[in-house]
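In order, the protein sequences belong to chains U and W. Here full-length UniProt numbering is used: the first residue of the first sequence is 1, the next is one more, and so on. Here full-length UniProt numbering is used: the first residue of the second sequence is 1, the next is one more, and so on.
Hint data in this document are derived by calculation from the structure and do not stem from the laboratory. Just so you know, not all the hints are guaranteed correct.
Said to hold, decoys possible - To spell it out: a stretch of chain U is covered by chain W in this simulated footprint if at least three of its residues, at any positions, have a beta carbon under 8 Å from a beta carbon of chain W; those stretches are:
1) 45 to 57
2) 60 to 73
3) 85 to 94
Glycine is no exception: its CB is placed at the ideal position from the N, C-alpha and C atoms.
2 protein chains.
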Amino acid sequence: MRDVDEAPECGVARFLVLLDGPWATLIVRELLHGPLRFTQIRDRLPGISAHTLTNRLRQFERNGLVTRTAYAEIPPRVVYELTEVGGQLRSVLDAMNSWALSVPPVSSSVP
Amino acid sequence: MRDVDEAPECGVARFLVLLDGPWATLIVRELLHGPLRFTQIRDRLPGISAHTLTNRLRQFERNGLVTRTAYAEIPPRVVYELTEVGGQLRSVLDAMNSWALSVPPVSSSVP
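Chain U extracted, bound-state conformation (with noise of 0.2 Å):
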């Protein structure tokens, strides 16, 4: 997953570099609802890796799409949560989901 300043020009290609993998947009799928701990997250995803879910928080982090909020608290306690821009991504899951949604059953069309 590279950031966002590799990213090409195009902005089809900049968001599969950006929301890279199917991992990628269900975490932002997950943080959609509000803000959530790391295994919050992680228990939503069954099968997704502790180094998964790090690696993309952190590459999220890095291009401005999630922030991480740490609390002084005892036991410390940790926050994920769509910055503004990462949050518009909304628009972009509701027409995959629209989209994909739409799709006929195969099964339908065979005999």
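Could you slot chain W onto chain U? The hints should help.
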């Protein structure tokens, strides 16, 4: 890359199954310009292997996103074209494009 019948119920997750990996989306981007031959798609996507392109086109065909038309010419001509539902991906790619172009470069926030 799985088929739409095995896809999860969440539209976003279904989208990620139907357009698995960056090449799938980039192939759609090219076909949104109009019908293309295999070699034309390959030439527009430097780095894609013939194997990957073949796989993606077959999967798109199976899921009803692309039609494959073979013309009985000499030499034979095979053309790939988005179906109606495939063409409706334009709204998703437009949303990706607009969003990605709105992301500020990382370097602007670094002293």
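For this structure, which hints from the list above don't hold up?
1
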